[in-house]
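Below are the chains, spelled out letter by letter.
Number of protein chains: 4
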Amino acid sequence: MSIDPSANLSTDDADNTRRQFLRLAGGGMAAIATGAWAAATPEIEANKVTLPPLNAPTEQQEKPQDPSAPPARRVGFAIVGLGHLSLNQILPAFGKSKYAYPAALVSGDPVKARKIAAQYGIDAASIYNYQNYDELAHNPRVDVVYVVLPNSMHREFTVRAAKAGKHVLCEKPMATSVADCEAMIAACAQAGRKLMIGYRSQYEPHSRALVKLLKQNKLGELREFISANSQNEGDPTQWRLKKAMAGGGPLPDVGIYSINQIRFLTGLEPEEVFATTYAPSGDPRFTEVEASIQYTLRFPGGLSAACSSAYNSHKSQFFRVQGSTGWAEMSPAFAYNGLKLRTNQVMDGNEVTQEPAIAEKDQFALELDHMAQCVLQNLTPHTPGEEGLRDQQIIEALYESARTHRPVKVPPVKGPLRGPEPAESA
Amino acid sequence: MSIDPSANLSTDDADNTRRQFLRLAGGGMAAIATGAWAAATPEIEANKVTLPPLNAPTEQQEKPQDPSAPPARRVGFAIVGLGHLSLNQILPAFGKSKYAYPAALVSGDPVKARKIAAQYGIDAASIYNYQNYDELAHNPRVDVVYVVLPNSMHREFTVRAAKAGKHVLCEKPMATSVADCEAMIAACAQAGRKLMIGYRSQYEPHSRALVKLLKQNKLGELREFISANSQNEGDPTQWRLKKAMAGGGPLPDVGIYSINQIRFLTGLEPEEVFATTYAPSGDPRFTEVEASIQYTLRFPGGLSAACSSAYNSHKSQFFRVQGSTGWAEMSPAFAYNGLKLRTNQVMDGNEVTQEPAIAEKDQFALELDHMAQCVLQNLTPHTPGEEGLRDQQIIEALYESARTHRPVKVPPVKGPLRGPEPAESA
Amino acid sequence: MSIDPSANLSTDDADNTRRQFLRLAGGGMAAIATGAWAAATPEIEANKVTLPPLNAPTEQQEKPQDPSAPPARRVGFAIVGLGHLSLNQILPAFGKSKYAYPAALVSGDPVKARKIAAQYGIDAASIYNYQNYDELAHNPRVDVVYVVLPNSMHREFTVRAAKAGKHVLCEKPMATSVADCEAMIAACAQAGRKLMIGYRSQYEPHSRALVKLLKQNKLGELREFISANSQNEGDPTQWRLKKAMAGGGPLPDVGIYSINQIRFLTGLEPEEVFATTYAPSGDPRFTEVEASIQYTLRFPGGLSAACSSAYNSHKSQFFRVQGSTGWAEMSPAFAYNGLKLRTNQVMDGNEVTQEPAIAEKDQFALELDHMAQCVLQNLTPHTPGEEGLRDQQIIEALYESARTHRPVKVPPVKGPLRGPEPAESA
Amino acid sequence: MSIDPSANLSTDDADNTRRQFLRLAGGGMAAIATGAWAAATPEIEANKVTLPPLNAPTEQQEKPQDPSAPPARRVGFAIVGLGHLSLNQILPAFGKSKYAYPAALVSGDPVKARKIAAQYGIDAASIYNYQNYDELAHNPRVDVVYVVLPNSMHREFTVRAAKAGKHVLCEKPMATSVADCEAMIAACAQAGRKLMIGYRSQYEPHSRALVKLLKQNKLGELREFISANSQNEGDPTQWRLKKAMAGGGPLPDVGIYSINQIRFLTGLEPEEVFATTYAPSGDPRFTEVEASIQYTLRFPGGLSAACSSAYNSHKSQFFRVQGSTGWAEMSPAFAYNGLKLRTNQVMDGNEVTQEPAIAEKDQFALELDHMAQCVLQNLTPHTPGEEGLRDQQIIEALYESARTHRPVKVPPVKGPLRGPEPAESA
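Chains as they are written, first to last, in UniProt numbering: chain A, 1 to 426; chain B, 1 to 426; chain C, 1 to 426; chain D, 1 to 426.
Next comes chain A alone, as it looks inside the complex (with noise of 0.2 Å):
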């Protein structure tokens, strides 16, 4: 649980008293913690201020704003791994949370990591390293962690967190084998602690219409879906470009977004996979990883995907999902900003190509105050374990079908896989 990072600054010794207790709990009374924190909630609602609207009501109203939770409310995060993502994604993004707050560092680059926590007001003695790490159990302000090293480490640390009584968001792809995906999850709910994979397309205001769209039949019966997702990888020393730590090539890193894409649209689990993928010779990034796939994936019902995704091309990111009545694309998809999304459909007897003006969020935001939600209210998240683990049977049965040339049969779901939708967040 988190402590308030300006609590000396108040003058409410009750609420501190019962900080005190909230801290506490969160160190190891997970179960009353929680209470603690579902009856905290209305708390936050009770600061949301609600302003006249001022347009005529053939405008677009302004939707009033969640109210920020303040700092003492805040459920602190542990960020593992200070390379890019963390750097230029992450850590900003702590800033357009209302519920989130960075608690603590982890990484091998100790000069780095204090120049970072001094940039986000994190205390020095919440730095740790791959070695102390499991000392995150004694932090009070750390709920949760978030793993955000090569894709290799992802179930040493999150494994490990667990068993600190760490809540983990875990950033995609979940692992690079099923094998860990299920000592993830098996992890996690031994310690009782909850496990969210960071999709952060689900949680993005564009695709979230379209979801809701779809729901609503707009495109028809669904057919189709084509995607896109490609980059150019530079420098070949990466660790993507090393198959032990990255799991693959461009499938897990990108083509995954593709794939979980088609899959949380629609709800629909695809059931036969083909791929086939390329490795140029003489190009020293692919060595170990395809440098680019083809796949096509079956779904019950008529629905297919065709899809390609390279790490040698340069970068496109798109899919379009057609349905019997419609489409709809988003040109770009996937990417961190400047999403749009485009349906067509006949309207009065011609084809009609519609954008709504969606104002972009940030998707890191969004996620970690999903993630903040569900410790804060015991919820299970939206993309928990099950949801990564279900990417990686897809990926493990692509690789097999490149590797046989053969279709091949996917395993089938046995539960759940996603948790509910978070709130409609402003």
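Keep in mind the hints are simulated off the structure, nothing from the lab. Treat the hints loosely; a few may be bogus.
Given that identical chains are not distinguished, each listed pair holds provided it fits within a single copy or across any two copies.
Said to hold, decoys possible - 30 Å max Cα-Cα, derived DSSO-like pairs, lysine-lysine:
(1) K242 x K63
(2) K63 x K112
(3) K163 x K112
(4) K112 x K361
(5) K63 x K340
(6) K340 x K361
(7) K163 x K63
(8) K242 x K115
(9) K361 x K409
(10) K409 x K340
(11) K63 x K48
(12) K112 x K212
(13) K414 x K243
(14) K361 x K212
(15) K361 x K63
(16) K218 x K340
(17) K48 x K361
(18) K112 x K409
(19) K361 x K115
(20) K414 x K48
(21) K63 x K115
(22) K212 x K48
(23) K340 x K212
(24) K414 x K115
(25) K218 x K115
(26) K63 x K218
(27) K212 x K63
(28) K112 x K48
(29) K242 x K112
With chain A held as given, fit chains B, C and D onto it using these hints.
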């Protein structure tokens, strides 16, 4: 050879005599005729009028129009089959053509044929049916037969046209089997007549601008191609849904655009393909042909394609080609009008999407004019029978793959597939 | 009235005789001819062919084409002036026309005229110059004279055409003074001939779709109109830059599109206008006319316009009309091709921009066909002389404002400005 | 100067002592404080972390983030007025700021203020009302007062802030009269405090990219500017519709964006202006202020503007600037998010529209950070009071023109209007 549709209005007797000669030549003296027509082209060029530019040099300059050939110098076409394509696209396109005119109609419905003939000023004596079709041999106004029939009839009506001494422009797909394609090529070769397949995308200015960009290496080395070309069929009794007449479902009808596009854009040929098809039970449209097909194509050098085509999706016409330093897309692609080309690359440090304002041209008029110029100047069509045969080989490989659930090799190419590029047309 | 350009190819003698009659009627028996042609229209309709729909009912349905009139039933046009517009737009547009054909040319350059006549199958005997222009009276093939001359010549050549018994289609701007416009209207009225001004935007499908939207009140009450229509002129010696010939600078040439657009979109007339002009010293293009003009128009009921037009700007063709509940824009607007219409309004709580896929049509062909139908069916043109006169009144008010630096009232409208809307053309 | 909101969590005593000093300095020792803070900036820079690039050199490179200032090094802002802008834009923007934090609130509604304070971790002791506002003088955490009040109150609360020894960031429009603007500038100058006007467009990356393009002469010589900035007001009782409080209708509120945009894009000042306004009778919203205004601006050298703004139109935010060789537009422009920049010019003989993918940034965070850096480094704000005064002079000239129905000269500029450009912010 064509006669002047308003010859008797002319007072130029010498010219009239020359036309008489050509008319005869068209009937059976191919070698002589060809020479004569080649000589005729400068005569057309002599009618060229160029006006001084009016706008500032930094503005887009008006391109001087190619001169239209006088009615008496135009190449006469017989249109075989009066369905949607002929009535709504091809016949109106003659109005935009510079070198072609509609000289005859072939239809099984004489009432309809007479109505259409009246609209286009076609002599009622130049209406034929499928039985007396071979009498076209005796109609000197007809230089080219344009076969716009159900796919399975392409072979017969191409072979009969060649035997009647006519050049042939045949709609895509060329036929319903490789054997048929080969027979068509052989028949035209034996008759010394030209054979062109109606791949209109290869003639329209957006695709040609993209070919130019690719030749200039603007996208770097090519890596990926994704495409969807789909539509939602209605009437279950139409021939497009009958396997014997259509040769397949969406693949030969609309999927062929995706296949042909990446082939002609790059000049590369796929080596290996994989496909999976779907046909729902209980949908009366899909008792014989697939509703949907997803497929991948492997090209030499690391270019791969992932495509989808369906007959039960809302209309969707899209492709994107991705290189190492940029991508280009058309959306819509393949359509009769409204085509848009966009490219994306990094310029001055930023990703920039560019959309050139390319003036739309009637794609059928461009086809007609290319065929007419091939006749007038004795050139090999840019998209001869060999080009159509190649797509048919790929289509058969894809269907074999769908049947056997294995990747299938495409037979190697044996000779040149395309003639010289059409001249830039204004 | 028009003669059949391929009459002798017909075997239908009765029909031929009727044409002879009409030919004579065209020469001088206007009243009879009109009745005859009105009767001819059902004959055209009898050629209509409708095919069964092929695609699903949720798809955009192919609109059945209006039948083309047979060559013998078409209205003949004389094109007066063979500059850029005639050569690059108007003459090629006859190929897309359904009811018109080019029957004569009028030019001061006989060599050019002969070349063009040859291209379009126009009899050399139907070439005129500006001296023997009045002999058109004796050419029964010519029903309509299309005046495509420098603006200051519009009056003379319209009046002479009317005196020669011909209907007149005159390019915009109608003339260079209100007095000239009034004289043109009077001359045609006196001769019992129709007068149409070539406002092509009023005939093209994007603008017409917008008119329909406005009539359905889709944007609410109209409030604002902004527009820029500009281009960068080159050659300083061209007539467009000579005040006596052009009547002004960018205002009557391109600014007129903005003025006319908001007028016909709304059916409202400006009451008061203000303008400011600019002409740089030292630029040889602008010794007589303004380089740039900015102006505002006040309409009754609270609609106002702010517009700009220049002859020294990069080509820019834009307008947006804003109502209380939505806006619509065309960008480009006014262009020969590539027009795009977008609308914006709140739908389901979100601002949504919609772009309908409206198939482009040749704007000049639509004009030609409207004029031809007015002749065939004895209708008042949708954009008669009164419409052109009205714009000229506004232009003169704007120039007066620029000269006096005061707002200027526009004289009230005295009668109807437009004829019935053209039929939906396929 | 700001205090560390989590100071007591730090173990760094030396640092703590230094903060104590700064806290005192902020209270009244401006000269010393400024030096101290200027020295502090390198300390921030020392926290910069740069990571090696991962993608290919032909790809867009990730820009290394500027380091965030530690909480203890941030500049404290008092937010005056808790309306829509403060609650929905400005307060959330502190989360994206790198150098600023919310230190105090000023509101007439203590309940609302306490709720907001709780959300943002603002000490309840730092809540003020409009009466005890001057006590801000004794709050060392507050460096800058951000005036977000009705326009007519800007003068008083700016002057009082300056007297309290605080720097001022004031929302646009700066005030409701030239006299008020001048008084505000004088008061801040006298107090030795900085004054910045909140012209967020001058700080956001799309507009700054366009400034850069114009400086590179990418559009040639500038000729025209058209713009519409409009919205549809609701509640007729809101202060925006009261002349005494707002200073006018749409002109000072939204029209000011158009005026300011062309001024800062070009660095040119209008010499003469003309305006016409409209206010419908019977609409309760427009009993005091105009509903709509159309206006033209003449700049030296041949650049002219035609603009429109309304309070009774659907939201529309647009401008296009046209030069001799190209145009650029933003649509939407002026909005909080979703901005798009497009340019058009001839490339390789074709008109090409380009749209760069410019990552959106929080415009208020950019403003806050610029003001904070001006304080930290003792710089003149990029948009000081002089910039706001200039727009007010133009607004008054426009209203005079609307009243007198004559063009009105704008007084000449007397000194520099802007400070140095803000640093490129990551």
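Verification of the supplied hints:
no.	hint	result
1	K242 x K63	between (46 Å within a copy, 25 Å between copies)
2	K63 x K112	between (39 Å within a copy, 18 Å between copies)
3	K163 x K112	within (27 Å within a copy, 43 Å between copies)
4	K112 x K361	both (28 Å within a copy, 26 Å between copies)
5	K63 x K340	both (20 Å within a copy, 23 Å between copies)
6	K340 x K361	both (13 Å within a copy, 17 Å between copies)
7	K163 x K63	neither (41 Å within a copy, 37 Å between copies)
8	K242 x K115	within (29 Å within a copy, 51 Å between copies)
9	K361 x K409	neither (37 Å within a copy, 45 Å between copies)
10	K409 x K340	neither (34 Å within a copy, 39 Å between copies)
11	K63 x K48	within (12 Å within a copy, 36 Å between copies)
12	K112 x K212	neither (43 Å within a copy, 34 Å between copies)
13	K414 x K243	within (29 Å within a copy, 40 Å between copies)
14	K361 x K212	both (18 Å within a copy, 27 Å between copies)
15	K361 x K63	both (13 Å within a copy, 20 Å between copies)
16	K218 x K340	both (18 Å within a copy, 25 Å between copies)
17	K48 x K361	both (20 Å within a copy, 26 Å between copies)
18	K112 x K409	neither (46 Å within a copy, 53 Å between copies)
19	K361 x K115	both (27 Å within a copy, 24 Å between copies)
20	K414 x K48	neither (41 Å within a copy, 48 Å between copies)
21	K63 x K115	between (37 Å within a copy, 18 Å between copies)
22	K212 x K48	within (26 Å within a copy, 42 Å between copies)
23	K340 x K212	both (16 Å within a copy, 26 Å between copies)
24	K414 x K115	neither (45 Å within a copy, 46 Å between copies)
25	K218 x K115	neither (50 Å within a copy, 41 Å between copies)
26	K63 x K218	both (24 Å within a copy, 25 Å between copies)
27	K212 x K63	within (18 Å within a copy, 33 Å between copies)
28	K112 x K48	between (38 Å within a copy, 9 Å between copies)
29	K242 x K112	within (24 Å within a copy, 55 Å between copies)
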